[in-house]
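Protein chains in written order, with the working numbering: chain A, 1 to 139; chain B, 1 to 555.
Be a bit skeptical, because a hint or two may be false.
Claimed, not checked - Distance condition first, Cα-Cα at most 25 Å in a straight line; then the derived PhoX-like pairs of lysine-lysine:
| hint | chain 1 | residue 1 | chain 2 | residue 2 |
| --- | --- | --- | --- | --- |
| 1 | B | 315 | B | 53 |
| 2 | B | 268 | B | 315 |
| 3 | A | 126 | B | 457 |
| 4 | B | 472 | A | 110 |
| 5 | A | 4 | A | 105 |
| 6 | B | 503 | B | 472 |
| 7 | B | 472 | A | 105 |
| 8 | B | 230 | B | 150 |
| 9 | B | 311 | B | 53 |
Claimed, not checked - The following label-pair restraints were derived from C-beta to C-beta distances:
| hint | chain 1 | residue 1 | chain 2 | residue 2 | range |
| --- | --- | --- | --- | --- | --- |
| 10 | A | 80 | B | 469 | 52 to 62 Å |
| 11 | B | 104 | A | 105 | 53 to 63 Å |
| 12 | B | 41 | A | 127 | 28 to 38 Å |
These aren't lab readings, by the way, just hints derived from the structure by calculation.
Given the structure is predicted, the values throughout are model-derived calculations rather than measurements.
Every residue, glycine too, gets a C-beta built ideally from N, C-alpha and C.
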Amino acid sequence: MSEKIRVLLAKPGLDGHDRGIKVIAAAFRDAGFEVIYTGLRQTPEQIVTAAIQEDVDAVGVSILSGAHMTLFPAILKLLRDQGGRDILLFGGGIIPDEDIVALEKMGVAKLFTPGAATTVIIEWLKQAAAARTKDDKLL
Amino acid sequence: MSDKPFWEEYEKRRRKWDSDKEKYSQGSRPRFMTVSGDDVGILYGPDGFDQSKYLDKLGFPGEFPYTRGIHHTMYRGRLWTMRQFSGMGTPAQTNQRYHLLLNGGQTGLSVAFDLPTLMGYDSDHERSRGEIGNCGVAVDTLADMETIFKGIDLAKISTSMTINAPASILLAMYIAVGEKQGVPSHGLTGTLQNDILKEYIAQKEWIFPPEPSIRLITDLMAFCADHVPKWNTISISGYHIREAGATAAQELAFTLADGFTYVEAGIKAGQDVDVFAPRLSFFFNAHQDFFEEIAKYRAARRIWARRMRDKYGAKDERSWLLRFHTQTAGCSLTAQQPENNLMRTAFEALSGVLGGTQSLHTNSMDETLALPSDKAVLLALRTQQIIMHETGVVNTIDPLAGSYFVENLTDKIEAEAEAYFDEIDRRGGVLKCIEEGYLQREIAKSAYRYQQEIERKERIIVGVNDYVTDEKIEIPLLRIDESVAREQVASLNRIRKSRDNDKVARTLADLTSCAKGDGNTMKAILDCVRVYATEGEIVDALRPVFGEYTEPPIF
Numbered sequence: 001m002s003e004k005i006r007v008l009l010a011k012p013g014l015d016g017h018d019r020g021i022k023v024i025a026a027a028f029r030d031a032g033f034e035v036i037y038t039g040l041r042q043t044p045e046q047i048v049t050a051a052i053q054e055d056v057d058a059v060g061v062s063i064l065s066g067a068h069m070t071l072f073p074a075i076l077k078l079l080r081d082q083g084g085r086d087i088l089l090f091g092g093g094i095i096p097d098e099d100i101v102a103l104e105k106m107g108v109a110k111l112f113t114p115g116a117a118t119t120v121i122i123e124w125l126k127q128a129a130a131a132r133t134k135d136d137k138l139l
Numbered sequence: 001m002s003d004k005p006f007w008e009e010y011e012k013r014r015r016k017w018d019s020d021k022e023k024y025s026q027g028s029r030p031r032f033m034t035v036s037g038d039d040v041g042i043l044y045g046p047d048g049f050d051q052s053k054y055l056d057k058l059g060f061p062g063e064f065p066y067t068r069g070i071h072h073t074m075y076r077g078r079l080w081t082m083r084q085f086s087g088m089g090t091p092a093q094t095n096q097r098y099h100l101l102l103n104g105g106q107t108g109l110s111v112a113f114d115l116p117t118l119m120g121y122d123s124d125h126e127r128s129r130g131e132i133g134n135c136g137v138a139v140d141t142l143a144d145m146e147t148i149f150k151g152i153d154l155a156k157i158s159t160s161m162t163i164n165a166p167a168s169i170l171l172a173m174y175i176a177v178g179e180k181q182g183v184p185s186h187g188l189t190g191t192l193q194n195d196i197l198k199e200y201i202a203q204k205e206w207i208f209p210p211e212p213s214i215r216l217i218t219d220l221m222a223f224c225a226d227h228v229p230k231w232n233t234i235s236i237s238g239y240h241i242r243e244a245g246a247t248a249a250q251e252l253a254f255t256l257a258d259g260f261t262y263v264e265a266g267i268k269a270g271q272d273v274d275v276f277a278p279r280l281s282f283f284f285n286a287h288q289d290f291f292e293e294i295a296k297y298r299a300a301r302r303i304w305a306r307r308m309r310d311k312y313g314a315k316d317e318r319s320w321l322l323r324f325h326t327q328t329a330g331c332s333l334t335a336q337q338p339e340n341n342l343m344r345t346a347f348e349a350l351s352g353v354l355g356g357t358q359s360l361h362t363n364s365m366d367e368t369l370a371l372p373s374d375k376a377v378l379l380a381l382r383t384q385q386i387i388m389h390e391t392g393v394v395n396t397i398d399p400l401a402g403s404y405f406v407e408n409l410t411d412k413i414e415a416e417a418e419a420y421f422d423e424i425d426r427r428g429g430v431l432k433c434i435e436e437g438y439l440q441r442e443i444a445k446s447a448y449r450y451q452q453e454i455e456r457k458e459r460i461i462v463g464v465n466d467y468v469t470d471e472k473i474e475i476p477l478l479r480i481d482e483s484v485a486r487e488q489v490a491s492l493n494r495i496r497k498s499r500d501n502d503k504v505a506r507t508l509a510d511l512t513s514c515a516k517g518d519g520n521t522m523k524a525i526l527d528c529v530r531v532y533a534t535e536g537e538i539v540d541a542l543r544p545v546f547g548e549y550t551e552p553p554i555f
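Same shape as in the complex, but just chain A (with noise of 0.2 Å):
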């Protein structure tokens, strides 16, 4: 793939922990990714607005105040309802296992819990961006 991923990262809801995405934003662009950081308290609908204005690859979403279980299903629900279904979603923060098995279940790309290096994340990333492209090649 020669185009640079295009990757919108997203705080919702009302957490500040921002440490995290903060570094996962730092990484991705010394990746090479084009990186759009919202910023804090972010509802789903703009998420997900700005996510197919900005017609990017993948939504990183970082989540570590237990809201996760009524976060992500609102955003895949929005990305699917407004044409944003072949966007991936993945993310991040305090889930336990369990939701972890439910949320990927529904349709979340892929969830990274504490500790998670970036490098992996960044392979991750490349490797499920191709994957989409090569499919709406097959399309």
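Using the hints, position chain B against chain A.
Here is chain B on its own, set in the frame of chain A:
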């Protein structure tokens, strides 16, 4: 040690030792550095320790500049307060947890509020969806605070409340609970975090812009001086700055710089520094680097005492004392092999104690996974009790004083903080630095560098980038189920129906006009709270006057 022959001999022997050591293994690590990334020497000696400066730089415990501790007898006279930050779900669930902790030997309370409460939204607000009771307890009205403190005598317990943007409202509720229990406000003891500056810098739970926020704080300081004299009005917090990724020196420098800003605001508002300064307290992080942390606490006391006396002209000795709470570092805990967090927390707690903390929170091992379970919370409390009663560290004061290394680190971290104070001044002060994102950027840079050090394996985090296993985590997790939000909204609706809504409307209107003028907002807020106005309604009464803060997204 001014005798020349000694130093000649010392220098000679040291040079020889330095060259001899080349013959031995230099170790496998590329660098030897603190958690903050500062290089550490292999051996410290008396050449870096000037005994003749002892009285000036260290002195005696309970005496200026308090490097060795703020009390004459320290832990012999009074042990630190064991204060576990706690709160979750409904007010009734939190009340239950408090009774568990108090029965377990805890000596003070520390209330964790949920995100809607921290941000000034009621539980039935759209933005509260999914967040109710999750990161702390949900509070909408005075009724919730009555439930939280049911069966707890406010005359006997001291309570710390981690609340910032809406701090006045929660303090008002606490005062009103006291009134209902028959405890006058003069008898209440405790601490409000009420540190909005570090919210803009690191923790990011704000409502109003800086200027009106500072007014709320100075109003509260003035009110407490008259009515709640034993209350610590601001807990100037480095904890969140550190958690956001700052180094030890940045934590120290930015926190003290915030402290100076509050002192200057108080003086500017016409208050006597010796009236409000004794009620300021601090809150620091206890991270993994044992000696660096101890040096940080010692340097903090010395810097604060000197500035308060020499720069701000405080005459009352109590204004010079840097009293502080410590919490072990949440960001040092790992989701992998979570039981290891017990050991991390114990070492961190020990550094806080050796650094002379006045109160302590020890994190629970399961906090990277969920809110702590009853068992995990009790283990964390027991960790403090073992340090207190079994290790012997409380017997003597500041036992690491005179350690060549610790004194060197203390001086070094003090110098690093002073360099930051100069830079912050050069940039026009803390508020200007926040506005321009300088402090936020400095912290984000440190956080990124730390992460890269881990990924390059310059740092080993046990269970994360070494000693990795793929065993399943098997510790029971506490979950906040959906019934919490339903119950909380239902109870809020009951209050809205049963209270005197005319009185509520009147007190809220009075608050708005008070905010427009220059009356004391704290008094007006107390009137609203007493008639069961909700937190969201009170914030909404202020919002049109004060406006809202938004942050430019920088990384």
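Hint by hint, where does the structure go against what was stated? Just the numbers, ascending. 5, 6, 10, 11 and 12
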